Structures are given as C-alpha cells and as structure tokens.
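Participant: Note that the protein sequences, when read in sequence, are chains A and B.
If you read the first sequence in the working numbering, its first letter stands for residue 1, the second for the next number, and so on.
If you read the second sequence in the working numbering, its first letter stands for residue 1, the second for the next number, and so on.
Worth flagging that the hints you see were computed from the coordinates, not collected in a lab.
Please note: incorrect hints may appear among the correct ones.
Distance windows between CB atoms, simulated [what the hints assert, rightly or not]:
1. S205/B - L400/A: 18 to 24 Å
2. A170/B - L10/A: 40 to 46 Å
3. L9/A - Q300/B: 54 to 60 Å
4. A170/B - G404/A: 29 to 35 Å
5. I228/B - A463/A: 54 to 60 Å
6. S224/B - V60/A: 39 to 45 Å
7. F19/B - G27/A: 22 to 28 Å
Just a sample of chain B residues kept apart from chain A, beta carbon distances all over 10 Å, derived [said to hold, decoys possible]:
8. V76
9. F154
10. I163
11. T183
12. G190
13. Q194
14. D235
15. G237
16. V257
17. R283
18. E296
19. Q300
20. E303
21. R308
22. G311
Because the structure is a prediction, the values reported are computed rather than measured.
In this text, a Cβ means the ideal position worked out from N, Cα and C, and glycines have one as well.
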Amino acid sequence: MLFNSIEFLLIFLPICLAGHFLLRPIGNRSVSIWWLTICSFVFYAYWEIEYLFLLIASIVANFQLAKVIRSLEDEATNRKAPLLALGIVANLATIGYFKYAGFLGAVFLPEESAVRFDGILLPLAISFFTFQQIAYLVDAAKPTFQDRSFTEYALFVSFFPQLIAGPIVQHNDVVPQFRAPKFLRFDRALFGFGLSLLLLGLFKKVVLADTSALYATPVFSAADSGVQVQFFEAWSAALGYSFQLYFDFSGYSDMALGLAALFGIRLPINFNSPYKATSIIDFWRRWHITLSDFLKHYLYFPLGGDRKGKLRRHVNLLITMLLGGLWHGAGWNFIIWGGVHGCFLVVNHLWRQFSGSQLRRWKLGILLGWALTLVCVISAWVVFRAETLNGALEIYKGMLGLNGATLPSQVKILVPASLQGFVTFTGSSKLLAGGTVMGLFEMLFLFMIMGIAILSKNLYQLAPWSRTVLVLITGYFTVQAIGFGKAPSEFLYFQF
Amino acid sequence: MNIRSVILSMAASCALFPFLFAFVIHKPLTIGLMHQMFEQKLRHASQIQKPKLVIVAGSNGRFSHSCSEFERLTNVPCANLSVTAQVSLNFSVRLAQKVLRAGDVLFMPVEYGFLSGSVDGIGAGDEYALVVAYQRKEFSNFTLADTAEAWFHFDLPYLASAIGETTLDALGVKRRYSLDTLTSQGDEFGHSKQKGLNYQNYLHSLDWSAPALEILTAKSRSASELQILLREISDLGVTVIGGLPTTFDDEPIPKDVIESRREFFESFGGEFLVPANDSQYPRDRFYDTPYHLNEETQIQHTEDLTTRLIGYF
Chain A
1 MLFNSIEFLL
11 IFLPICLAGH
21 FLLRPIGNRS
31 VSIWWLTICS
41 FVFYAYWEIE
51 YLFLLIASIV
61 ANFQLAKVIR
71 SLEDEATNRK
81 APLLALGIVA
91 NLATIGYFKY
101 AGFLGAVFLP
111 EESAVRFDGI
121 LLPLAISFFT
131 FQQIAYLVDA
141 AKPTFQDRSF
151 TEYALFVSFF
161 PQLIAGPIVQ
171 HNDVVPQFRA
181 PKFLRFDRAL
191 FGFGLSLLLL
201 GLFKKVVLAD
211 TSALYATPVF
221 SAADSGVQVQ
231 FFEAWSAALG
241 YSFQLYFDFS
251 GYSDMALGLA
261 ALFGIRLPIN
271 FNSPYKATSI
281 IDFWRRWHIT
291 LSDFLKHYLY
301 FPLGGDRKGK
311 LRRHVNLLIT
321 MLLGGLWHGA
331 GWNFIIWGGV
341 HGCFLVVNHL
351 WRQFSGSQLR
361 RWKLGILLGW
371 ALTLVCVISA
381 WVVFRAETLN
391 GALEIYKGML
401 GLNGATLPSQ
411 VKILVPASLQ
421 GFVTFTGSSK
431 LLAGGTVMGL
441 FEMLFLFMIM
451 GIAILSKNLY
461 QLAPWSRTVL
471 VLITGYFTVQ
481 AIGFGKAPSE
491 FLYFQF
Chain B
1 MNIRSVILSM
11 AASCALFPFL
21 FAFVIHKPLT
31 IGLMHQMFEQ
41 KLRHASQIQK
51 PKLVIVAGSN
61 GRFSHSCSEF
71 ERLTNVPCAN
81 LSVTAQVSLN
91 FSVRLAQKVL
101 RAGDVLFMPV
111 EYGFLSGSVD
121 GIGAGDEYAL
131 VVAYQRKEFS
141 NFTLADTAEA
151 WFHFDLPYLA
161 SAIGETTLDA
171 LGVKRRYSLD
181 TLTSQGDEFG
191 HSKQKGLNYQ
201 NYLHSLDWSA
211 PALEILTAKS
221 RSASELQILL
231 REISDLGVTV
241 IGGLPTTFDD
251 EPIPKDVIES
261 RREFFESFGG
271 EFLVPANDSQ
281 YPRDRFYDTP
291 YHLNEETQIQ
301 HTEDLTTRLI
311 GYF
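Produce the complete structure using the sequences and hints provided.
Facilitator: Here it is as structure tokens:
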C-alpha cells in the first residue's frame, strides 16, 4: 500500500500506532519489536503475499549465515571470506534473477531460445532489503561487529517506513535505538516532529510530485511513440520530470523519517536539497545519500577507490556509477544514465585537479557551477525517464531546438520582440500544458516549485513553529490531493 | 513539537483555503468569464415571454449553432445557453431549467464526452469552482458528496493559474473570446474562416478518431440524475431534443453511438435529431478546435437544423 493511500493513513497506520502505544507500558522490548515486525510484514504482504515468504526467507538465511560467520571469529580468517562471498553472491543472484534475468535474457539470448525469463515479477523493495543485508554480512565478518538478536535483525531489515524505498539503513543506525530505554517511552517532541514531517512529506508527494508529472508524462509518451517534440514541450517535460522525481523522493524520504519518528526511531537522512548542489560531486552527497554511501563503501573502496592512481580512480568511479545506474532498473537507459553521471564525476574531479581552490570559492564560479550542475542533472534525467532510447533522443532534439519552438499565438505579446524570431506562433501547442493558453499559466506552478527546491531548507532543519506554519499553508492541498484529486499517483522510487 | 498545534494547523488549513477560494482567489479569465456568460445568457432567456428555442451544450453549442440565424429564419426567439464542456451537463441543464417554460424547445447537441456512462461525473468539475466563487446558492442542489468535492476542488495549479489570470486581467489582457464576442442571444460571432487560418496547422495536426460506443448505464450516477432532470423538464411541457455535436468528418460516427444517444433521449420521452451529415464537416470548416465550426459554417449548419427544428413550434 502506498503511504498516501487512504488504507495506509486511516487504517494501517492507526492500528500500528495503537498497538505500539498499548504494548509499550508492558515494558517487554521483544514484544514491541515483534509487533512492529509483524506490522511491517503485513505492510509488505499487502502488495503480494507470495513475496512475503521471499522476504522472510531472505531475513532468516542472511541472519543464520551472519551467525555462522560470527562463530568463526576466533578461527582462521580465511574461512570467513568464502562464506561471506557465498552470502554476497547468493544475495546478488537473488536480485539478479528477479530484477535482471529478463533484461539479460533479452540482450544475450537468441529470440528463438527455449529458455525465457519474461514475466518475472519484481519483488517490491528487493534492491533495498538485499543491500542492507549484504552490508550486514560484511560487517558481521569484522571483529568490531556487535551481535544482534533475530528479533532485532528482522525489524532492522523489514521496518516498514524504510523497507520499500530506503533509506538503506545500517544495523548500527537502528538496532541501538531498539535497545535504548526511550524505545519504550513516549517522546512527545519526536512524535510531533514525525507527524509534521509525515504531513509535509505527503504534500511534497501528492501535490508537488504528482502535479509535476502532468507536464512530463504526455510529452515522454509522445516522444516514445516517435512524435517530434519542440523546444518548449521538451523543456517542460524535462523540468516536469526533474521536479516529479525530486519531490517524489524528497517527499518519500520525509515521510520515512516522519513515520519512523512516530514510533520513536530516527532514520538516517537520505536527501539533502540536491538541486542546490554546486557540483556533481556535491550532488551525489545530497541525492540518495545512503545509496551513495553504500556504493562508496561496498563497491568503490573494494575496487581500490583512489588508492591506485588517478586513472584507476576514474575507472572505479565509472564502474561504480554504471552499476549504480543498473541498480535503479534493468534497462539500457539506466545504464546510460549511470554512465553519464560517471563521466560527469570524472570531469568534475579533473576540473578540481586543474583549477585552483580559489576559483571554486569565487561567488560567480559557485553560481555557474550550480547552474551547470542543474542543467546536467536535468538533462540526464531525460534518458533515465524515457521508455525508449529513441524517445530520449526526441526529447534531447527538442531541448536543443532542433525541432523548432512553437507557442500559442495569444502569448506573442508576452515574448520580447528580439526573441520572437526564434519562435513559431501557432494556434495551439498540442503537448504543452494540455494545448491551452490557460494551461500555460498553470505552468507557473513549475517555477513555484523550482523555487521551493532551490531556495527552501530541508524540513528536518526547520524550527518546529516553521513546520507548523507550513502545515497551515499546505494542509488543505494535501487533503485535496489525497481525498479529491484526479492526478494519478505512483511512487517512482518504489520501482527501483 | 506540539502535536496539538500540528493537528490544529491542519484543520485550520482545511477551513481557511475554501474561504479564500470563495472570496479572494479567483480565475477571472476562465471561471469568472463562465459565470458572466451564464448570467448574461440566463438574463436574456428569462426575458423571453414567447415559446423559444433554448440550446444547451458545451462550447460547440455557442460556436457551431446560431440563435440569431435561427431567429432570422423563423421569427421564433432563441436563447443559446451553451457555455463550456468544462462544467457538468447536469449543472448546465439545472441552470437552464430556471428559464424553461411550457412550449419551449430544448435542443441539446452535446459533446461526445458527455453522455458517456463510463465517466461518472459527466463534466470536468469546473462547476465546483463556479459555485464556490460565484453561485453559492446552487449548493442547495448539491449532495453532501458534491458539496465536499466543491470545497476541496482547488489544487495548487489552480492557485498558480489564478495568480496568472488575475495578473493578466489587471493588465487588460483579453481572451480570444469573451462577452464581447457573444451576440445578445448567446452565440459566438466573429470566428471567421479568415481568422481561423491561424489554427489550421494545429487542427490538421490533431489525431482524431470517431467516438467509440460507451454504453449509457443506469449505474452512472450523473446519467441517472440527468435523465431525471430531463424528465422533469419534459413534464413541464418542454420538448427536449437531443442532437449531435459538430465534429471532423475523417471517419463516420458509428451508428451504435448515435443510436445509444437516441435511446438516452427517448428514454424519458425526448426526441432526437440527426442531420444528414451527422453534424460532421471537413477540418477546414472548423475554427480552433475539433468542436468549433467557423462562423460561415455555423450559419450553414444552423440553416440545416432550422428546417427540422421549426417543426416543433
């Protein structure tokens, strides 16, 4: 069930909270943890009950393997490595089968092959709970590892606020909180913080993200069907998707933090105003922070990081980003997107190498860096979003003006005379804001939310009274969107 | 953080914004214009004392049908109450009911998007904005669910476009149609073939296909309400006649689509009128959308219909 659904907000969540608050006074930590774990299993099973068994099997198998690895602590370490490798390979093979077999089969198998991998249903959240458990296994092999009980481990993996779309939580982030005395105490301030973050995160998702999609989806669909898109249509789609994804993920991240806080748990920050980034390096320290950290510690560093020379460092960056792109989905567009960001990072590192640090502190330089980073990120989202590579190419051609630029003739008076020569004024523009002139003014909305993305602080950084004021400003629109809205809703990051 | 203050803020927000959209935040160039058009057309219709022809449809009603031409040919008064397909047909008909009397003829060449049983709310919902901002007494005709829908109709793009429209209105910017492009009977005028050349590229680039049959079922709440409403109007002594909206002639309108509309109108004792060309014309006879004929063709289309409609007076 989606976090913005009526059944989640009015049925599932109240029951979970009620059970949690009723069980707390008993003072039995295990009972409270089991209650949250069962709630999380119910949450997962609501999507597809068969795959709940996969989740449970994965939890049991990984926990047992970690126990075996831990039991070898005092023995020769060369016995731990193969077991750890087995665990990692088994987890990756599981993702590989469910997520990539269809794609790899389509790429490598001949069409007439008897072996088919079509129609494999992707278990929800497999990318997230598998990566969390891989990290746990790696940590279990270290001498500093602290043992966890099965109940703690099960909840750490399955905790519903972060199960479906992150953050990718390390066991050290949350298990100590399960053990802390305040886990069984009601923290009024934290609950209030969680409630405000949940409501404001919902606003970002159901109002900002879902409305932005209205500008992107028709144009991307048209481009994927081979329709030529012109300059304004292409840019409205690129911007629309960039903000749809931004507020989808930002809103989800806030909701995850908020939901966990309702139960007295603090999750790690996963999103830090990435469209304020002044470089691509900065961008990847702000966007999907826990995934970046995971890839850095469990892929980039084991590949050698920057310890084997500059050329090798760049190769390692490219490999890491290519696989990071592939993590998002089984498709050439995701691989290309990852590769593009890998190239951006390489160029950024080269620029830092050859430019002075003073240049990077120059205000105009920072502004230019921000603008260039934003354009690069928005442009890369096009290939990420398009269903086909030809569709992405059509959008890029439109963005570069190769298909011309058209606007409705009624807005000619609003276009400066010096620029009118670049535009064809026509009766209506099919794909631009529904083809209506008034629809063009609704696109002021895109500029409004651009301002929010670029200028506003993160919600978790605001003072409590500021969040209360924001609830006053946004609450109506959240209720409107959930209870009465017509825009279709999907969580984009649930697909990854 | 105070939990109570968060909850109270949420509640206050849900009370504050409906008030603002009712009294402060408006869309003068769209919703405001709809309101003015309805007011002007209803005022004209209410002043007619003799049996009259009343036309109710979406915007094809006012672009493609000419009351002034009908009056010229027949000396029978006519009121064109058609405004837009952005408000539900039920809403438009309920407004028309106020000015209909025994002996009148209600002609409804409604767009194909209306009378589709798969669309429960036959209409795009702008009547909610209209009622909240300008016609709050119409709430007496709303169910509780409709009332809630109305008060929670306004989304963020609405707010953004309200700001845009208010600014444009203050700058004196006019839309390509307004009260100034309406005749006293409520028809559009001045949308000539010459002016329509500006939109021909757009019209010819549109993908258009004939409407598919969508069974009108009693399960659609709005369709049931509309049937009841039209039966009430028939019982008043008004002759209700269904018609076909003007559309492109790329493909013929399927016969089963026409028959399902005929069945709808005849189900409550109404009539149905189908012109020889099924109200279909080549694209170059249209003005700016697939439903709006240019002025020259509007006159010709009205002349064709008049020969059939006059028989009801």
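Participant: Now, for every hint given, state plainly whether the structure supports it.
Facilitator: Going through the hints against the structure:
Restraint check, S205/B to L400/A: a C-beta distance of roughly 22 Å satisfies the suggested window 18 to 24 Å. Here the CB-CB span from A170/B to L10/A is close to 43 Å, well matched to the stated 40 to 46 Å. Taking 54 to 60 Å as the suggested C-beta distance range, the pair L9/A and Q300/B conforms, at roughly 57 Å. A hinted range of 29 to 35 Å holds for the C-beta pair A170/B and G404/A, which are about 33 Å apart.
At roughly 55 Å, the beta-carbon separation of I228/B and A463/A lies within the given 54 to 60 Å, and the hint holds. With their beta carbons about 55 Å apart, S224/B and V60/A fall outside the hinted range of 39 to 45 Å. Remark: the range hint 22 to 28 Å for F19/B to G27/A is contradicted by a beta-carbon distance near 48 Å. No beta-carbon of chain A comes within 10 Å of the beta-carbon of V76/B; the shortest separation is about 35 Å.
The beta carbon of F154/B is not kept farther than 10 Å from every beta carbon of chain A, the shortest such distance being approximately 7 Å. Distance to chain A contradicts I163/B as a non-interface residue, since its nearest Cβ pair spans about 7 Å, not more than 10 Å. Every beta carbon of chain A lies more than 10 Å from that of T183/B, the smallest distance being close to 23 Å; the non-interface claim holds. At roughly 15 Å, the least C-beta separation between G190/B and chain A is larger than 10 Å, which holds for a residue marked as non-interface.
The claim that Q194/B is not at the interface with chain A holds, since no C-beta of that chain comes within 10 Å of its own (minimum 14 Å). Listed as a non-interface residue, D235/B keeps its Cβ farther than 10 Å from every Cβ of chain A; the least gap is roughly 34 Å. Interface exclusion of G237/B from chain A stands, the closest Cβ pair being 39 Å apart, more than 10 Å. V257/B, annotated as away from the interface, keeps every beta carbon of chain A farther than 10 Å; the closest lies near 24 Å.
The beta carbon of R283/B sits about 12 Å from the closest Cβ of chain A, which is more than 10 Å, so the claim that it is off the interface holds. Every Cβ of chain A is farther than 10 Å from the Cβ of E296/B; the closest lies at roughly 18 Å, confirming the non-interface assignment. At roughly 22 Å, the least C-beta separation between Q300/B and chain A is larger than 10 Å, which holds for a residue marked as non-interface. Non-interface status of E303/B relative to chain A is upheld: no Cβ of that chain comes within 10 Å, the nearest being about 27 Å off.
For R308/B, the condition that its CB be more than 10 Å from all CB atoms of chain A holds, with the nearest at approximately 32 Å. Taking the minimum C-beta to C-beta distance to chain A, about 38 Å, the non-interface status of G311/B holds against the 10 Å cut.
Consistency with the previously given hints fails for numbers 6, 7, 9 and 10, ordered from lowest to highest.
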